[in-house]
Structure formats: structure tokens, C-alpha cells
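Visitor: All chains, please: the whole structure from these sequences, using the hints.
Number of protein chains: 4
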Amino acid sequence: MDRNMTKNGNRAVLLISCPERLGIISAVSNLLFSYKANIVQFDQHTTDSRDGMFFMRIQFDLDTLPEAYPKLAQDLSAMAEEYPMEWRLSKESQIKRMAIFVSKMDHCLVELLWRWKSKEILVDIPMVISNHPDAKETVEAYGIPFYHIPMSSQSKEESERAALALLQDKVDFIVLARYMQILSPRFIAKYPNQIINIHHSFLPAFIGANPYQRAFTRGVKLIGATAHYVTNDLDEGPIIEQDVIRVNHRQNETDLKVAGRHVERNVLAQAISWHVEDKVIVYGNKTIVFA
Amino acid sequence: MDRNMTKNGNRAVLLISCPERLGIISAVSNLLFSYKANIVQFDQHTTDSRDGMFFMRIQFDLDTLPEAYPKLAQDLSAMAEEYPMEWRLSKESQIKRMAIFVSKMDHCLVELLWRWKSKEILVDIPMVISNHPDAKETVEAYGIPFYHIPMSSQSKEESERAALALLQDKVDFIVLARYMQILSPRFIAKYPNQIINIHHSFLPAFIGANPYQRAFTRGVKLIGATAHYVTNDLDEGPIIEQDVIRVNHRQNETDLKVAGRHVERNVLAQAISWHVEDKVIVYGNKTIVFA
Amino acid sequence: MDRNMTKNGNRAVLLISCPERLGIISAVSNLLFSYKANIVQFDQHTTDSRDGMFFMRIQFDLDTLPEAYPKLAQDLSAMAEEYPMEWRLSKESQIKRMAIFVSKMDHCLVELLWRWKSKEILVDIPMVISNHPDAKETVEAYGIPFYHIPMSSQSKEESERAALALLQDKVDFIVLARYMQILSPRFIAKYPNQIINIHHSFLPAFIGANPYQRAFTRGVKLIGATAHYVTNDLDEGPIIEQDVIRVNHRQNETDLKVAGRHVERNVLAQAISWHVEDKVIVYGNKTIVFA
Amino acid sequence: MDRNMTKNGNRAVLLISCPERLGIISAVSNLLFSYKANIVQFDQHTTDSRDGMFFMRIQFDLDTLPEAYPKLAQDLSAMAEEYPMEWRLSKESQIKRMAIFVSKMDHCLVELLWRWKSKEILVDIPMVISNHPDAKETVEAYGIPFYHIPMSSQSKEESERAALALLQDKVDFIVLARYMQILSPRFIAKYPNQIINIHHSFLPAFIGANPYQRAFTRGVKLIGATAHYVTNDLDEGPIIEQDVIRVNHRQNETDLKVAGRHVERNVLAQAISWHVEDKVIVYGNKTIVFA
Chain B
1 MDRNMTKNGN
11 RAVLLISCPE
21 RLGIISAVSN
31 LLFSYKANIV
41 QFDQHTTDSR
51 DGMFFMRIQF
61 DLDTLPEAYP
71 KLAQDLSAMA
81 EEYPMEWRLS
91 KESQIKRMAI
101 FVSKMDHCLV
111 ELLWRWKSKE
121 ILVDIPMVIS
131 NHPDAKETVE
141 AYGIPFYHIP
151 MSSQSKEESE
161 RAALALLQDK
171 VDFIVLARYM
181 QILSPRFIAK
191 YPNQIINIHH
201 SFLPAFIGAN
211 PYQRAFTRGV
221 KLIGATAHYV
231 TNDLDEGPII
241 EQDVIRVNHR
251 QNETDLKVAG
261 RHVERNVLAQ
271 AISWHVEDKV
281 IVYGNKTIVF
291 A
Chain D
1 MDRNMTKNGN
11 RAVLLISCPE
21 RLGIISAVSN
31 LLFSYKANIV
41 QFDQHTTDSR
51 DGMFFMRIQF
61 DLDTLPEAYP
71 KLAQDLSAMA
81 EEYPMEWRLS
91 KESQIKRMAI
101 FVSKMDHCLV
111 ELLWRWKSKE
121 ILVDIPMVIS
131 NHPDAKETVE
141 AYGIPFYHIP
151 MSSQSKEESE
161 RAALALLQDK
171 VDFIVLARYM
181 QILSPRFIAK
191 YPNQIINIHH
201 SFLPAFIGAN
211 PYQRAFTRGV
221 KLIGATAHYV
231 TNDLDEGPII
241 EQDVIRVNHR
251 QNETDLKVAG
261 RHVERNVLAQ
271 AISWHVEDKV
281 IVYGNKTIVF
291 A
Chain X
1 MDRNMTKNGN
11 RAVLLISCPE
21 RLGIISAVSN
31 LLFSYKANIV
41 QFDQHTTDSR
51 DGMFFMRIQF
61 DLDTLPEAYP
71 KLAQDLSAMA
81 EEYPMEWRLS
91 KESQIKRMAI
101 FVSKMDHCLV
111 ELLWRWKSKE
121 ILVDIPMVIS
131 NHPDAKETVE
141 AYGIPFYHIP
151 MSSQSKEESE
161 RAALALLQDK
171 VDFIVLARYM
181 QILSPRFIAK
191 YPNQIINIHH
201 SFLPAFIGAN
211 PYQRAFTRGV
221 KLIGATAHYV
231 TNDLDEGPII
241 EQDVIRVNHR
251 QNETDLKVAG
261 RHVERNVLAQ
271 AISWHVEDKV
281 IVYGNKTIVF
291 A
Chain L
1 MDRNMTKNGN
11 RAVLLISCPE
21 RLGIISAVSN
31 LLFSYKANIV
41 QFDQHTTDSR
51 DGMFFMRIQF
61 DLDTLPEAYP
71 KLAQDLSAMA
81 EEYPMEWRLS
91 KESQIKRMAI
101 FVSKMDHCLV
111 ELLWRWKSKE
121 ILVDIPMVIS
131 NHPDAKETVE
141 AYGIPFYHIP
151 MSSQSKEESE
161 RAALALLQDK
171 VDFIVLARYM
181 QILSPRFIAK
191 YPNQIINIHH
201 SFLPAFIGAN
211 PYQRAFTRGV
221 KLIGATAHYV
231 TNDLDEGPII
241 EQDVIRVNHR
251 QNETDLKVAG
261 RHVERNVLAQ
271 AISWHVEDKV
281 IVYGNKTIVF
291 A
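Chains as they are written, first to last, in this note's numbering: chain B, 1 to 291; chain D, 1 to 291; chain X, 1 to 291; chain L, 1 to 291.
Honestly, the hints are just simulated from the structure, not real lab data.
Incorrect hints may have been included.
Which copy is meant is left open, so a pair is good if it fits within one copy or across any two.
[As the list claims (entries may be wrong)] Pairs of lysine to any residue residues, derived as SDA-like cross-links and limited to a Cα-Cα distance of at most 25 Å, are as follows:
#, residue 1, residue 2
1, K104, W114
2, K119, R11
3, K91, L22
4, K91, G52
5, K91, S49
Guide: Here it is in C-alpha cells:
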């Protein structure tokens, strides 16, 4: 974990994915050494050492980062043609901008606002968008703009257009903090692997609606929650984090919902932290999390 | 928990299920008091205090248990007509007889044999039955009879008949310790709520075959195991116990299987302990576990 | 668990502790039956069936509870002379009044305020008292009175007197939500087994100050939190609840503090819920929790 | 995790510890690249990017490993003078040799023997040594030599001398699987950071004798186990792994011991796996575990 309470202006994270090939670690570490970068943490994973996929996360400090950044990015681009690799270089000082979408239930929203205020999750929150007006007061008490955009099956296209207009150029990623609407493929395409949803079951169990009711009926002994990136396949996107909690026969359906809330907010907050700290690489329908 | 290392000749457990009705606790406790029974532990659960179902487990000591048992059973029968209730009275000194069915993988089998030998699970094991000869030596080293009954889709009826003949009058309940055959409704009907299976996923996720492979493909962050009573609906019987373990991107499918083994054997052993100690009441497709 | 979102005017909880004696369950259940009380949940524990201690919690519904309460209490008093037993009869409709003491760190405070507002913890909060002014705005935003009572070693007696004056007749129990002052025996004596503290370690490890620093230095792989009743022996009171979280070498001391916060607030909130629902019986320096 | 069921003759692990210095990752990865080594997994941790300690684990495949090993080791020696660094290069094909010391309780022993037989822990076990004769039959059933060396305070020096003679040149590391004797500094000095003990509490709680009894008396809600390297300070050595299990008021001291067994054997087996796979680096009194 890496929960520094203040951002380091000289710190950056480099994420690389590519087909396995000899010498890539050597090449990248030589490049960083040529800049005199101090490597703080280096994580690498290969699905297969011969013909698998290669994933790497390097966190480093570089005194001259602000000036050196453009040249370093250029060097990485050149390297990317040779290998070929996908890469992303994030300056820790460049705070990510997170929009929160919420419906009526506010437990995840409140958790995120509190972690934002206490600087546990280091993001900017330019706006909260809801299809209900209920959370307006809570959100504005934190000095964050709140937008109420009603949603109905008829108005969906128009509503999403309104939301996209608000988000445009202001937001890097979106969190669905118990947002009870299904986003259209058109919307999702604007934020690929940049929309995080919390589902209130340990997916793939109880995919779809009313997971707590179905968990109660099935008589499971554990209930859970799953944070995942949103794709066009409902509840089928790459899983970032999951957790469960033990329940028993004394708990009725309402009790399960209440117990589940605490798992939901912890799982969602954890997934967001990893996303913000550039610890998650999506590969196919799975995630590599360098936690 | 109640893992006494030796059985108490004067201890008994009374399990009662019935539609909720006023005065039942009073009636039952008066009856036990009239016998001068010392109540050790009393657990009761009502699904709804007005018109729900009522479940009760009373563990008690009675100096004269061996002599008093028949009369007490008679009194309970009389009471059962009045209320009406289902009941079961088990003497702790009457050791339950457990058969183990196993296929090739022996991790659950070995765990159960070890817990049996170390008196953690207080049962008799009159036999182990397998559709493969592999476990013969392991089982016989414990002095337990091993029967190899090959199974094929053609021979199924005959093989089950052979197994039932072996079990007849010798066994109270059956544990499927990674037994990779589906029992017929005819077989299951002989042991209602007396066959415990371990499924290698946190049901209802990954119902059916190859759960670890599917868990790997789906990229879940937790894998689990589920112990349940066997019914005619495959993997759908009443769940007794479940648990999970955290996994990550470094673990391939084989690693998941290995990690899962340890959850499987713990979950199965726990479920068996509760069953043996008369802590489980089946109601509909769910269990009440007075753990 | 029993997290009803609204209080039931006819529901009550009876707690009983006494030396083990034959017939007590029968006597109590007959008494309740004579009132036509519907028993919702019945939990009983005996440390030893011959000469141990006996603990019982009965949750019941009684249509005439408001009128019948005084007579029932009188009957229990009479019974208490015979057995002899300690007992407490709580009407669920009589909301407990909880004061919160806090210092500078507000994570536990915020969690409790949120659970109070969302009716997960059904209490009244007549006041929050702090030795620092920091939390004033947060508390008053919830419409709850906030009192700043500075504390120094010189002013301790006077400050405690001021706090006691505020609490008098207004508060049933006190929660120390990361309150970094040691209460005097004189203060504690006013609220025996009615002051709940959260300690930021899995006691008895790291008793005393700076547990996270000491956990980091020792290199433990789990950190935890402990909610306990306050006694005159610092960090030695009866434990109500504990939990832990896994940590690793990547986390520095600050990271441990942040990770620990989430355990602290969950453990404290859980302990308070059990206390409020009359599920905790203190016996010697231990607790029986009928969770 | 990395639990390959068979050893890879071309696979090696390089562990490096040194004071943080610019360019070390670059230097090491260039060296490995010059051998055409395929890096499978690369883990690195720095306590502080300026003047901290640097730890690294590189798992790699090298077709010519058997031939290239001596030259590679020579190159690493040369590099170690420049930087300066401590390093260790382990061939996966070189199976580590593990001795088990045990007293009367055999639950950890049995777990290890089973994991050894099922190839979950890939070691050779040249011998089991015990101060009691009890485990002889169990051990020899696995075809492993068993030595009974009685221990008394008078005979300690002599007994340890006898044990050391047996171990000499035959064993790489030692596991104390509930071995109830304290080893002398003289003995420990022969196997620095190569003796793994399982302590039956979540250290540092309940250091010393009878932790379950003390846990019961204190009324903790979690009991645990700790695997650590043995040093001259009893129960104070570097912690490798810890875990806990939830307990409640129904469990007496014997129940705690039984419940704790399962934590003990899992924690010990996990720690051994990490040790065997060269995933543990000891630094001061702490461990870095690249799990």
C-alpha cells in the first residue's frame, strides 16, 4: 500500500504491458537509470516466461521530473515501437479527477467523501451526479457540486448526453457508488476501464438484481461485494476487488443488506485507492493488481 | 463449539422444529425439569414471533439418562402430538457412524481420518468406499475397511446397489469427500439430509464442473468451498458451511486448486462436526446452525 | 444480529446471570408464558452444568408490555430472591442514551454519527465531549450538542467534574471514540461496565501507548483493534470485540495507522451495537456476547 | 504463490539485500540479460528511496543454468564488492533439506508430512527428531528416519550435541513443529535464520508458556499462531507469518487448543513454503516476504 498523505512532486509511476520478450526489464531499467531515477518499488508479473504476457509497475523518484517528463515520455514512445508495449506514465502530483454517480443509498458515497476529506483517497471530486435529488445536501456540505439528472428508460439517451457534457474535460474516471442505472455502450465507450462499479454480491454469484434477497433465499453463509470495471456485459467486467462477511440464520434479508453495506464501502474504497495509485492493469477480462 | 475429547454418558441433545406457538419453551423446559435434567446449552430461533417457524436445540445432562431415555422419548412423542413438532433426541454416548465416499483426490479424506484419529470428530468410520483403488492403502493404515466399487454410467445402478448393501444397518450418514460421481435420487432417498458433500466453490458461484478453472478464467479475487446436504438438485442442497481464501494474479489454475484444497478440507470438517454434534436443523432448502 | 430499523414497542430483552441451579429455565419460561409473551430468541450459556455460572438472554414480544412491565419486574425481583440471580429487563422502545468522548482523530466519531443517522445504531446522542475543539463543526452539523472541556494533568479532577455534571441524568453509557485521556477511578465508578473504549491493537498485544509504532517495529503481519469496557486497570477491561487486518512490509507506520482506522471503527461500532441490543453480559473480567 | 508440482531444472531465484543505491536494478537486470535469462517474477522493495535498504527477489529461467551457474555466481560476487550487497542464488532443482523437531503433539508434524507427500512443500525430509518416542510410528510410515533424543535440563548440552551430529551436512533448515524445548544459543548459531518455530499465539500477545490458558483467562475474541525464525530471544525472532481465528464464550480452554491447532498448522506450513521458495528476506528483526 502507498497511502502517503501528501503528494510527492518528483514521484511517478510507469505501467507497462507487452508480450513477453527478453531484455525488456533491462531496457526499461537502463532508461530510468540514465535519468538518475531512484526506483522505490518495482513489481513485475509474467503469465508465462516463454510466450506469455508481461506486466510491470515501477514507482520511482526523479528530482527533475517536471522538466524531464516530456523527454522521458518520448523515450518510452520510441521504446514502445521496438518492443511493442503499451505504457502509461503518471506523475503522482497530477491528482486524478473522480466523478461519483449515486442513486438513493448513500453509504458508499458517504464513505468516499469521508476518505476524500481525510486524504485517504487522494483525488479531486469535481462533481457528484445522481438520478435522485436525495444526496444533494450531503454532497454540497463537502463543497462539491451536485447535479441531479433524472433517468427514465425514455430519457436515457438524453440524460446520458447531459452527464457526458458535465464530465467532459473535467473528469478522469467515474465511480458508480450504488448507481442503480445501466449505462449504455455509447457512454461506457467514452471511459474504457475508467468506470468502477460496486456490485453487492461476490460475483459471479447472484449476478443481476436483488442479490441480498437471493442470498437470503439460497441460505448462503457468506455475503460479499465486488468492485469491477464496467463493460457492456452487465456485472461481467474485470474484477478489481472482492470481500465477504459471515452471516447466519438469525439475519433476515434486511440484516443482510445492512451487513453488506460495510463490505460494499470497504471493497469499493479499496478498489478506488488501487486505481488512483496506478496499481491496476486490465488484461482481457481480468486485472493484475500490484497491491 | 463443543469438542469434548470423550463422550459423556449422561449428556443428550434435543432438537425441535415446529410452527411457532405460545408456551412451547415453557412446556419443554418443564418436561426436562421434571426429569431433573441440567441444561448445559439452550439455543432457540424463531423466523417470526407470530406465525413463523420455531427451532430449538437443548443440550442437557441427566444422571439417569440410560434408564430414563425411553420414558423421555415417550413423553416427547406425546408432546409432539399436541404441538405438533418434529423432534430428535440424541444420546452423546451413541457415536454416529460415518461412511466416507472418495474418488482420487485424497486431501479431504486424509483430513477426516486425522481428525477422527485425534478424536476431534467423534464418529465411528465403518468403511470408506471409492470408485478408484488409489486410497486403499491410506485407509487401511488406519484400520478402516476400504471398498473399491468401480462406477461407470452403465454400471451406476448396480454399483449403487452394491454400496447400499454395504452401508445397510452399518452407517448413519455419508460424507462425499471429493467423490466425483452424481448419486441417483434412489440412493439419496435412503439418506435424506444425511449425505454431506463438499463443493469446491463458494456456491452458488461456479455450480457444476471445473469451478477452479472457471474461477481462474473469471479472475475472481476469492475462491471458496461449500459443504451442503445432497439433494436431487445438483449443488443446490442446503448449505451447512462456506469459506473463502484470497487469491491473486500470480496464481495459475493449479495454484488455485492447491489453495482451495485447504479451504475444502476445513469447511467439510467443520460441517461434519456440526452435523455430528446435532447442531444443524434443515428447514426447506436452508440450515439453522446452532454453532 | 438484530438490526431492526424501527423499535418495537412490545419487545423486551431479559438478561439473567446466576450460579447454576436446576429449574431456572423452567421457572423463567413459565413466568413469561404466564404473561403470554412470545419468545423471539432465547440464548443460554452455562460455564459448567454442575457448579458453574448461568447466563441467559431472552428476547420476547408482549402485546401488553407497557402496562405489564411493572408487574413483570416485580415478579422477577421476587424470583431473584429465591435463586438468587442478577437480572435486567430492557424495553426495546426505551432508547439508550450514548455520550461520545473524542480527542483529535475523528474517524471513529464520524463512523458512529453516520451509523446513528442511518439508524444502524439505535441510540440517542445527547452530547459529544472533547478535550479539543476540532470536532465541533462535524458534530454540530448533525444537530448534536458539542462540549469542549480542556484536559490537563492539573485540571483533570475539575474537568471530569464538569463532564459528569453534563452527563448527569442525560446519559446511559459512554463511548470513548479515540479519547486520548485516562479516566479516573472516581469517574469510572459512576458508569460501571457502561464505558466502552476502542484500543488500537489486538489486546493484550501492545498494551499502552503507540501500538502502531510498536507493531511496525516488531514486524507483525496482522494489526488489530479491541473494544472493551473501561475498568481501573488500563487496557485490561472485559473485551467485547476484536478484529485484525493483514499488513505487509510495504506499509510504513503511517500506513498501519490508516489501515488500522478501518478496523477500529468497525470493531467499535460492532461492540456498541451489541451493548445497545443488550447482548453483552460482563462476568468477572470477561464478556458473554449472545451475538 | 508458486507451487509448481515439479521442479524446473532451469529456474533460479536471486535474492539481494543492500543499502539503497542508484543503478542497482539496472546493473542486475543487465547481468541477467547478458545470460539471456527470462525473468519470471521480479519483486523489489525499498524502505526509503534515498538512504534506505533495498531488497530484491528475481525468479528467472535460464536454459543453460546448470552450466552457467558457476560463472553467474562469480559475476554476482564481483558485483557484490562494488555495491556492496548480500546475495543468494538458489537453483530450484536443488531441493532444500528440512529436519523436523517435534515433541508430543503431532498436528503440525502430520500436516507437514502430508504436504510433503502431496508435493505441496517441495523439500527432502532426511529426519525427524523428537524428545519423545510417540511420533516414531507416524514418521516411519512415511519412510522417514525418526530419532528419539531425550532431553532434560541436565542432558541438554549432550542432547543438542547428538542432534547436531545427526543434522551435520544433511540438513539445510530446521522446523520446530511444536517442539517444547528451548534451543541453546550455541545450537541456534549453527542455523542462523534457518530455524522456523510455530508459536501458539498471535505474538507478541501471550509470549511464553501456556498461551491458550492465558487467552482463555483474558477473554480474547481471537486466538492465533505465529511462525518466526528462532533467535536467542525467546518468541522474539523475526515473524514470517501470523493468522487468527474467532472464538467465543462457549469455548473452554480445551476448545481453544483444538481450534488453535488448525491455525498453527496452516501458519507453519505457509511460512515453510515461503522459506523454501526463497521468498523471505530477514532484515534486522523483521522479514520482507515477497509472497
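Visitor: Can you list which hints this structure breaks, lowest number first?
Guide: Going through the list in order, the structure violates no hint and respects every one.
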